[in-house]
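Undergrad: In case you want the letters, here they are:
Protein chains: 2
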Amino acid sequence: MGLAVQDARLIEKDGTWDVYIDEGKIKSISEEEDAEKVIDASGKYLSPGFFNTHAHAAMSLFRGVADDRDFWDAWPEIVWPLEENLEAEDVYWGTKLACLEMIKTGTVAFNDMYFFMESALDAVEEMGMKAVLSYGLIDQNDPDKLEEEIEATKKFVEYAEDSHLVKPALGPHAVYTVSREGLEWTADFAEKKDLLVNIHVAETEKERDDFKEEHDCSFTEYLNDVGLLNERIISAHSVWLSPEDIEEFGKNDVTVSHNPSSNMKLGVGKPMDYEAMLDSSVDVTLATDGCVSNNNLDMLEEAKIGALQQKMPGDATLMNAEECYRMMTVKGAEALNYDSGKIEEGKAADLILIEPGVKGVPTHDIRSNLIYSMDGSSVTDVIIDGKVIMEDRKVEGEERIIENATEKAESLVSKVI
Amino acid sequence: MGLAVQDARLIEKDGTWDVYIDEGKIKSISEEEDAEKVIDASGKYLSPGFFNTHAHAAMSLFRGVADDRDFWDAWPEIVWPLEENLEAEDVYWGTKLACLEMIKTGTVAFNDMYFFMESALDAVEEMGMKAVLSYGLIDQNDPDKLEEEIEATKKFVEYAEDSHLVKPALGPHAVYTVSREGLEWTADFAEKKDLLVNIHVAETEKERDDFKEEHDCSFTEYLNDVGLLNERIISAHSVWLSPEDIEEFGKNDVTVSHNPSSNMKLGVGKPMDYEAMLDSSVDVTLATDGCVSNNNLDMLEEAKIGALQQKMPGDATLMNAEECYRMMTVKGAEALNYDSGKIEEGKAADLILIEPGVKGVPTHDIRSNLIYSMDGSSVTDVIIDGKVIMEDRKVEGEERIIENATEKAESLVSKVI
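Line order of the protein sequences matches chains H and A. Residue 40 in the working numbering is what sits at position 40 of the first sequence, and the numbering runs on without skipping anything. Every position in the second sequence, counted from 1, becomes a number in the working numbering once 417 is added.
It is possible that some hints are incorrect.
Straight line, CA to CA, 20 Å or less: simulated EDC-like cross-link-like pairs of lysine to aspartate or glutamate [stated by the list, open to error]:
id	chain 1	residue 1	chain 2	residue 2
1	A	Lys687	H	Asp315
2	H	Lys192	H	Glu244
3	H	Lys270	A	Asp756
4	A	Lys811	H	Asp392
5	A	Lys811	H	Glu355
6	A	Lys623	H	Glu214
7	A	Lys687	H	Asp392
8	H	Lys270	A	Asp690
Just the calculated beta-carbon pair ranges, DEER-fashion [unchecked claim]:
id	chain 1	residue 1	chain 2	residue 2	range
9	A	Gly731	H	Lys192	40 to 48 Å
10	A	Glu820	H	His164	23 to 31 Å
11	H	Asp70	A	Ser698	18 to 26 Å
12	A	Asp626	H	Glu396	54 to 62 Å
13	A	Asp626	H	Gly269	24 to 32 Å
14	A	Glu820	H	Lys37	41 to 49 Å
15	A	Glu692	H	Lys192	18 to 26 Å
Covered by chain H, according to a simulated footprint, are these stretches of chain A (three or more residues, beta-carbon under 8 Å) [unchecked claim]:
id	segment
16	566-580
17	703-712
18	800-810
19	822-829
Everything labelled a hint here was simulated from the structure, so no lab data went into it. Computed from a predicted structure; not experimentally measured. Using N, Cα and C, we set each Cβ at its ideal position, and we do this for glycine too.
Only chain H is shown next, with the shape it has when bound in the complex:
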């Protein structure tokens, strides 16, 4: 029974291997087993799929609407009005389009924060992906708004509780868009329900300066005060943390989601201090951010850009290919609490096949080729939770997703631009 991937090369182990999958898990790597379905992987590499730890999936609808402009110029004029016009159906199709792109480029699971998350969840489940989904809570210090946001959050968590592959999480947007009360409620509710917390922290210098002006403490002192400095937290961006904040992140097991393309496109001024994070043993993972900030969801491209960004100031050894690969696989899986991200008996079968192609030869170092040369189009097959989601670069229903998402996107944009 189950699924067999035959004659695959592995990234971290010499030789070719047959991998057997049953009940969503890797059953064996070396033993011969019966299989209902066989995938011939000869000439290809089998790898854990990628874990994208920060996205706003449905923003795929807005790809390309606000490029090459200053954030404070383009977002208030275009992106926020588009979001005000969003309906549940839009988020459904936008999330489907994002899932399709993620699957095609080798991502098996992602961490998302947006609106109409019930529709996002339906989309993710139909696509067969894993995801940690959170409703983006923003109260702007308005107690009435906070009440509404808490209700919306609770409603979504309840909606998601029975999902097999999707996990609900909490999504207080940032310390500057959510009140102290909102953050405290989040900390309590996360504890009570045992949920991850997805939050933007220290993305820009302006955010850091504004925070300093408003609060008489550091980011981490404030997060600690409200109960959000712990292992539940996935902190996106985190470019403008102080060295002391980074140390505190390390001591308190906060996970960082590094978004290099998004940081560059927004012009945040400098690379995230990855070296200090390594020194403080912060768990750093990799992410694309949403499609207005990037503009795609291709984790292999992201890894290259991330590594190059770190090297730019002068140390070519920083963020090497092996570290990138671990950030995208096992570290990402750990961050999202999936027992996955490794090719090991008992781990979830969240796997991809990679065809080297012309960008992947010669193969002196497969990890280097993967991170620095290949891109998402090198991925040919995707297996999530033991099910074949993409076979030979084809995903079921992809034409319809592109058609419907395009229609929704054009209709939305015609209302605003």
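Chain A: place on chain H using the hints.
TA: Frame of chain H, contents of chain A only:
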């Protein structure tokens, strides 16, 4: 007669168009013409192909051999010994592999500097590409070596003189690897033979500092002294030019070849001063550099990385998608002296078809999608000088190229590592 591309969308013009090609040129865009062969481009975009203005094509053999290490650690130990072992056959297959990758990712012409350039030329011609090829002249201030290098250069120029698509050029490697005499000879010979000159200038801070120590003048004063400050020059990298040097480049019509990934990977310390180049009307073009410095030859990926690199320090408007697109097409063609790079009657038919795919939808802004979201794998068809070189993602003989190049690469690497 000739070739027709039917129902294509264009990047810079609304509607769908039939483009007729004859005798290597675009014959008409709106008039109906007879055609021997028809390519159905419905759902795709027709664009000028890309012009990569700085590469060392045959270094594709060494992809991934020296990553995540300091230049002065890895290159003397690995890359230079590999180059010492190079033979003509290696350069032939390495160049073929590079051409294959360039074709697959939409590049129609490139500017190359390396060794055994007769073999490189044979490879380029067989692949049907356009290229400006130069023998990399390095004399290290040794007059005997200079004599040999001049002979090698002359021999190659003679070999290349009758080529239809390939142009010979001169390739004095850099001001720190070539003597004053070598540079002066280059300037004279370029004038006499009417050739372009391909040279690395001001790539690293160390190069800038060493130059300052050795010479009592600026880069541009020195280049002017030796006769190499003029419209023949394609200056690669040029990150550590002073503002005054940049002004001189502008005044003297020097073309810059911007290599953003390579600069980042090497850790050159800062982005090239693109803004100053714009202010001084320097012609800036785009390039990938060789596969040890990058590690691929994908111009669309390069454009994204280039634009993000410029925005990083704080101005999100810098190097926009339209500028990137022009750098890769019309500006690149102008730099390499090909009457191409535009979809216009009479221009050379160096064209590509692009399929938006999941990374290219929705299409609110095709240029943004192209530069910031899509990658080389979006290219489905390549026409060079009116001939179909890639059709539906297939290039004639690609399996054999991959096989032979891999064999050459492995044999070389086994001698050194």
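Undergrad: Give a verdict on every hint.
TA: Against the structure, the hints come out as follows:
no., hint, result
1, Lys687/A with Asp315/H, "12 Å, holds"
2, Lys192/H with Glu244/H, "29 Å, violated"
3, Lys270/H with Asp756/A, "40 Å, violated"
4, Lys811/A with Asp392/H, "17 Å, holds"
5, Lys811/A with Glu355/H, "16 Å, holds"
6, Lys623/A with Glu214/H, "44 Å, violated"
7, Lys687/A with Asp392/H, "41 Å, violated"
8, Lys270/H with Asp690/A, "16 Å, holds"
9, Gly731/A with Lys192/H: 40 to 48 Å, "42 Å, holds"
10, Glu820/A with His164/H: 23 to 31 Å, "45 Å, violated"
11, Asp70/H with Ser698/A: 18 to 26 Å, "25 Å, holds"
12, Asp626/A with Glu396/H: 54 to 62 Å, "59 Å, holds"
13, Asp626/A with Gly269/H: 24 to 32 Å, "26 Å, holds"
14, Glu820/A with Lys37/H: 41 to 49 Å, "31 Å, violated"
15, Glu692/A with Lys192/H: 18 to 26 Å, "52 Å, violated"
16, 566-580, "violated (count 0)"
17, 703-712, "holds (count 3)"
18, 800-810, "violated (count 0)"
19, 822-829, "holds (count 4)"
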